[in-house]
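2 protein chains.
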Amino acid sequence: MAHNGNRRWIRGFTAAIAIASMAHTAGAAESLQDVMKRRQLTQEDLMAAAKTYVPSGKRDEFLAFSSGGQSGQVIVYGIPSMRILKYIAVFTPEPWQAYGYDEESKAVLNQGRMNGRDITWGDTHHPALSETNGDYDGQFLFINDKANPRIAVIDLRDFETKQIVVNPVFQSEHGGAFVSQNTDWIMEAVQYAAPLGGSYAPLEEFNDKYRGGVTYWKFDRTRGRIDPSGSFAVELPPYSQDLSDFGKLGSDGWSFTNSFCSERYVGGIERGRPPFEAGCSAKDTDYLHVVNWRKAAELVAAGRAKKVNGFSVLMMDVSAAEGVVYLVPEPKSPHGVDVTPDGKYITVSGKLDTHTWVYSFEKIQAAIAAKKFTGKDDYGLPIIALEDALHTQVPLGLGPLHTQYDSRPGIAYTSLYVDSMVAKWDYVNGKLIDRIPVHYNIGHIMAMHGDTVKPRGKYVVALNKLAIDRFNPVGPLHPQNHQLIDVSNDKMQMLYDMPVPLGEPHYVVAIDATLLKPIIRYPAGTNSRTDEISPGKTRPGEEKIVKEGKKVTVFGTEIRSHITPEIIEVDQGDEITIHLTNLERAEDQTHGFTIGKYNVNGSLEPGKTATFKFTADQPGVFPYYCTEFCSALHLEMQGYLLVKPTGYKPTAVTAKAGTQYTQADYEKQIQQNADTQKVIDEVVAYVTARPYKNDPMVSSLMDDATDQLGKVPEAKQKAEAAAAAGNWSDAMLWANQVYQYQVKAADIGLRAKTRLDQTGATPGN
Amino acid sequence: MAHNGNRRWIRGFTAAIAIASMAHTAGAAESLQDVMKRRQLTQEDLMAAAKTYVPSGKRDEFLAFSSGGQSGQVIVYGIPSMRILKYIAVFTPEPWQAYGYDEESKAVLNQGRMNGRDITWGDTHHPALSETNGDYDGQFLFINDKANPRIAVIDLRDFETKQIVVNPVFQSEHGGAFVSQNTDWIMEAVQYAAPLGGSYAPLEEFNDKYRGGVTYWKFDRTRGRIDPSGSFAVELPPYSQDLSDFGKLGSDGWSFTNSFCSERYVGGIERGRPPFEAGCSAKDTDYLHVVNWRKAAELVAAGRAKKVNGFSVLMMDVSAAEGVVYLVPEPKSPHGVDVTPDGKYITVSGKLDTHTWVYSFEKIQAAIAAKKFTGKDDYGLPIIALEDALHTQVPLGLGPLHTQYDSRPGIAYTSLYVDSMVAKWDYVNGKLIDRIPVHYNIGHIMAMHGDTVKPRGKYVVALNKLAIDRFNPVGPLHPQNHQLIDVSNDKMQMLYDMPVPLGEPHYVVAIDATLLKPIIRYPAGTNSRTDEISPGKTRPGEEKIVKEGKKVTVFGTEIRSHITPEIIEVDQGDEITIHLTNLERAEDQTHGFTIGKYNVNGSLEPGKTATFKFTADQPGVFPYYCTEFCSALHLEMQGYLLVKPTGYKPTAVTAKAGTQYTQADYEKQIQQNADTQKVIDEVVAYVTARPYKNDPMVSSLMDDATDQLGKVPEAKQKAEAAAAAGNWSDAMLWANQVYQYQVKAADIGLRAKTRLDQTGATPGN
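Taken in sequence, the protein lines are chains P and D. Reminder that position 497 of the first sequence reads as 505 in the numbering used here, one-by-one numbering, no gaps. Reminder that position 674 of the second sequence reads as 682 in the numbering used here, one-by-one numbering, no gaps.
Treat the hints loosely; a few may be bogus.
Same chains, same label: a pair holds when it works inside one copy or across any pair of copies.
Simulated pairs of lysine to aspartate or glutamate, EDC-like, Cα-Cα distance not exceeding 20 Å [what the hints assert, rightly or not]: (1) K525 / D715; (2) K114 / D126; (3) K621 / D126; (4) K66 / D477; (5) K555 / D539; (6) K384 / D292; (7) K552 / E278; (8) K352 / E395; (9) K657 / D235.
No lab work stands behind these hints, which were simulated from the structure alone.
Please put together the full structure from these sequences, using the hints given.
Here you go:
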């Protein structure tokens with residue numbers, strides 16, 4: 009019946025070295041057949057399970073980046089396991105990532121303000137991965153906001169949003185982002201027409217004053233940021249431009265944008281007029297816009313653009329005169345215009361036609377070269393006859409919508425919204441090959457690298473808009489359903505239903521996972537949103553609180569398991585700035601930070617410096633702590649902000665210690681420390697006998713363990729000095745702090761050891 | 009070479025009736041062995057895959073509700089598939105659910121304001137499901153905010169947050185929520201001590217003026233809301249109270265709360281003092297608080313409590329005098345105090361001891377009855393000797409943390425944080441049975457109904473705090489890893505690694521999925537946050553715009569595929585209120601709503617009415633639209649807000665139609681409508697020949713389809729009137745609107761037909 013927990017722990021620690029290498033064998037009480045019977049699995053189910061299950065520690069083949077729709081985020085998931093790995097905050101504040109909570113990320117969100125208003129969400133639609141020579145390179149991701157025309161840049165080194173750019177010309181945009189084959193340009197098209205630059209005009213002037221358009225953003229690959237000053241827009245008629253695609257290989261230099269409501273209908277149910285939905289789908293065709301963007305860029309560079317809100321816009325008269333924009337009829341109300349991997353064909357599907365139309369880039373160019381047009385639209389843009397542009401029309405089914413490409417030449421996959429099916433077909437020979445039902449109302453479709461010059465085949469994902477009864481019910485708002493389809497064989501096989509728990513994705517892109525090389529820590533003191541060293545960077549031992557009048561600036565640090573400083577005393581009304589640096593180097597050793605009731609919340613990954621600002625307007629005692637469960641003594645990683653009330657008169661109080669310690673307590677602690685050191689020595693001997701420096705993860709763990717041990721001598725010295733002075737309480741506490749450093753070092757050491765055991769490192773190799 | 013898309017669509021539609029029943033057989037090009045070899049799966053992997061894979065359309069056995077940590081949300085996932093089904097917004101605004109965007113949910117978030125400040129996130133820790141007779145009943149979920157002491161109520165009928173209550177006495181709280189066995193009380197304990205009621209006192213007065221405590225919230229089950237006026241707190245010493253549990257069965261009426269830093273140590277590294285982590289874990293034991301809460305409630309009712317900020321607090325002198333609070337030594341720095349299903353034992357693990365300690369409720373009661381105490385603490389609370397309370401101490405491993413129970417009597421599962429293992433053990437006979445490694449640093453652990461009087465066994469989930477190298481890397485901030493373990497056999501088997509993509513969960517509860525009965529739609533016009541009919545409820549045909557001075561109120565509706573009104577004209581500076589009602593009844597038929605650049609964003613599930621307010625301070629043309637991909641003509645579900653600039657002088661402009669239609673267009677449309685009606689008749693005949701009213705989903709789909717068709721006569725009449733007057737454009741547009749209603753009816757009908765086919769309904773049954 010004992011309180012000697014610490015001694016027990018030491019013994020347990022020693023035992024752990026033996027136990028950790030003990031393999032665990034599960035007793036298979038049920039056979040596979042038993043399990044299949046109990047769970048009512050068919051052979052086909054088992055095959056699907058075997059094709060999608062990723063065992064512990066194994067990796068997925070592809071990483072998918074999905075728009076989160078109205079959540080304003082990007083969703084990252086693995087294929088084939090369909091496990092969601094991360095939600096990346098983009099347009100919406102998100103506290104787990106502290107996005108919109110620390111000053112560094114607030115600066116990014118503030119770039120997205122409009123008319124002096126915070127926009128606290130986004131309607132993300134179409135993510136695009138950066139490309140080199142037309143194939144994904146794993147460096148950047150771009151995503152648009154349809155509701156509030158903006159575009160964001162995410163760096164795939166750290167999966168963080170680095171930039172938000174507001175479109176200064178248009179009032180909405182849907183058809184973005186798409187990238188040129190070396191990512192020097194990013195395209196987004198307008199959705200709903202409005203007067204340029206945000207000005208007012210009554211709907212009666214719709215034809216004359218409302219405009220659509222496409223924006224071409226210049227991307228600076230070296231800086232990893234969009235350069236608005238080098239960017240431009242091309243004015244287009246008020247045709248509700250929709251999705252786009254850049255040309256590839258032979259069609260590089262051109263882009264394609266489809267549209268709906270080229271009827272230019274203006275609704276008004278409440279005025280007795282038929283609604284938009286009637287007037288906007290009355291004609292059988294809309295217009296595919298074919299744009300010579302390279303020529304447009306040259307004309308802009310030559311000064312032929314007008315400025316709208318300081319932004320270069322190439323007007324339609326110039327485009328018409330110089331041969332920048334051409335129109336071709338397309339099936340009405342389409343969604344998606346998709347250039348084939350060889351760059352030779354362009355597919356368009358209208359949701360109200362049962363055929364997908366395939367255009368020939370060569371034919372379009374021939375018509376342009378021959379100036380063979382059927383006429384011009386009301387805005388002077390030349391119209392190419394369908395028969396002069398069309399390669400073929402292929403009957404696929406009801407509500408064809410979006411097309412992606414396979415690794416096998418000529419093979420495409422198209423979503424069928426009304427049929428709730430995926431069609432596999434041949435766009436060269438115009439032939440339907442296979443169809444598979446999906447559940448339910450598929451929107452976009454996505455194949456691996458399926459919009460690049462080098463599709464990878466293997467899998468297709470159906471982005472179903474309704475889940476209905478697929479999953480356990482979770483109230484009136486259901487998850488969406490992304491279904492994984494195996495396309496590696498002749499017949500497609502449905503593999504997996506993945507619920508989307510937050511957001512309504514529109515489009516997804518998926519990249520070979522080996523192409524991504526994210527970092528696992530930042531250089532010490534990094535502002536992760538600018539990639540520069542923060543002026544708030546603080547080294548261990550250099551923590552300080554600076555007071556200048558009402559301004560209080562804290563330079564603090566976090567490391568397992570304490571925040572420095574632990575006490576911050578200020579006066580009511582002081583303006584507080586806190587810079588915090590995470591001193592850890594081990595992978596995954598994030599710390600959080602919060603001050604209760606002050607809405608202060610931080611997430612600090614290893615090496616990051618983050619800044620928090622607030623006015624201490626409320627007097628009182630406010631605990632602060634690390635919000636990430638980082639270590640065994642995580643709950644003790646705490647501190648106090650004390651805000652003295654205005655006019656507070658201190659009374660003469662001397663602090664009384666809650667607990668006093670004796671010489672015996674001190675000596676017991678000293679013995680425990682000696683025992684612990686023996687464990688550490690064993691772990692160190694185990695690790696250093698192996699080639700641990702070959703493994704960067706183990707190497708950085710050992711660096712962190714050495715750091716913790718490096719703090720021991722100073723604490724030990726303080727303990728011994730206090731003991732010499734007969735101050736046993738201080739002596740005991742400093743000796744205990746030695747123990748805390750040892751425990752952390754041992755814990756990190758054990759983690760290094762586990763890793764070495766997993767990777768099979770043997771001594772001397 | 010034709011533009012006759014509509015005709016084709018009709019033909020396709022007819023064909024679909026045949027195609028939809030065509031079963032799809034996947035060609036198995038690879039054998040199971042081939043797949044296992046290619047994917048390097050072991051037999052054990054295949055078994056795990058078979059035990060976790062849930063085929064399309066099948067349901068999970070259990071639903072887990074996980075705290076989202078700093079995300080301020082609750083995460084819902086299925087077991088055994090480990091697929092995340094929903095993130096429920098609780099303390100953080102979330103735009104997909106429009107939580108914090110419509111006025112109804114803003115009112116809930118505003119309940120959580122503190123000191124006049126918006127708190128835009130929460131540090132959610134411990135969810136609790138409502139119980140009846142000690143077992144989950146599937147009605148409510150409660151979740152706390154550690155950083156900003158608050159508690160929230162989620163109704164599991166619609167998975168929405170209904171109430172947030174601020175704790176008026178304490179400055180932080182960790183150990184909540186826990187519910188009494190009939191959910192009349194919800195408990196949360198303080199984490200970091202502070203002066204009561206938010207007042208100021210210097211740290212020198214820590215022992216005298218800083219206090220801990222436990223709050224007992226009264227829950228009104230009929231209203232489904234917490235009643236603060238009937239609630240109370242029990243003052244406790246500044247011991248950093250942590251987790252709690254209510255007694256069960258024989259121990260009902262009592263509650264248990266553990267603590268750390270009963271040393272009452274105050275750190276201050278920056279002042280040369282050892283940090284909190286040293287002084288807060290210097291002693292070998294902390295205190296388990298044993299509280300007779302029923303007696304406390306009686307004392308409060310008898311007027312023995314003091315008021316702090318108007319809230320009843322039972323002070324320590326009363327508790328000591330009346331026998332409300334007792335202390336028992338517990339292993340230092342524990343996390344979790346867990347009452348066994350029979351209510352007879354209480355388990356506590358200290359992370360720095362290798363043993364889990366089991367207390368006997370009977371022994372504790374005997375000591376109290378005999379007034380056998382070893383003394384009192386500094387605050388006069390009686391201390392029971394460990395040997396008078398302890399049943400047994402069981403050596404489990406390094407860093408034992410949290411315990412859950414199995415369906416088999418006496419069997420428990422405990423997480424081992426430092427060992428990174430789960431221990432299976434016998435708490436009656438004090439015996440370790442089995443251990444299984446997890447990856448990595450497990451915090452809490454969760455078993456099915458594992459904290460109720462009736463655990464279900466089968467599975468255990470390990471809530472690992474670090475993912476490190478388990479998943480494809482996604483930057484310095486990693487997902488957490490929830491690992492699913494099969495505990496149905498003698499030896500535990502690891503089944504699945506689930507990444508948590510957003511948030512850092514602390515604790516999870518899981519309920520038998522069949523106990524949940526969520527609704528799929530609201531009564532028309534419901535404010536879902538109050539469960540009352542909204543004053544903004546609008547019936548179809550009664551949409552209107554009301555202007556009173558600068559105030560403009562819109563009563564609008566949404567239904568596939570139009571928003572009524574479609575045009576809203578206001579003057580710059582007008583104060584706008586928009587009420588929108590979703591008129592749909594079909595499951596999953598949510599509509600969204602946004603006005604670009606005005607930060608207006610709504611999510612309207614079937615039947616819901618939501619309200620949006622803003623001042624039209626920026627002149628211009630602002631498109632609005634439905635943000636949910638709801639139907640084939642979703643993109644056309646649009647409208648315009650026109651904000652006339654102050655001082656704008658209209659010019660005399662007559663609207664010009666973008667497109668004019670002829671008699672031939674009209675007649676073509678009429679023919680198309682007739683063809684479409686034939687398709688509808690076929691679908692209707694198919695459905696009505698079957699017992700469709702037995703299936704509520706099909707029945708509501710048919711109601712919606714009938715609604716759509718019900719609008720046809722009026723539109724048809726308008727078309728015919730226009731045709732009679734020779735106005736072919738209007739005639740064509742109204743005829744086209746007839747077609748739109750038909751298309752929607754046919755689409756809904758097809759969905760009903762698909763459902764009937766799936767459920768195997770045959771004619772006449």
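So, going through the hints one by one against the coordinates:
no.: 1; hint: K525 / D715; verdict: neither (27 Å within a copy, 54 Å between copies)
no.: 2; hint: K114 / D126; verdict: both (11 Å within a copy, 16 Å between copies)
no.: 3; hint: K621 / D126; verdict: both (18 Å within a copy, 15 Å between copies)
no.: 4; hint: K66 / D477; verdict: between (31 Å within a copy, 9 Å between copies)
no.: 5; hint: K555 / D539; verdict: neither (28 Å within a copy, 51 Å between copies)
no.: 6; hint: K384 / D292; verdict: within (18 Å within a copy, 88 Å between copies)
no.: 7; hint: K552 / E278; verdict: between (65 Å within a copy, 8 Å between copies)
no.: 8; hint: K352 / E395; verdict: within (17 Å within a copy, 84 Å between copies)
no.: 9; hint: K657 / D235; verdict: neither (56 Å within a copy, 38 Å between copies)
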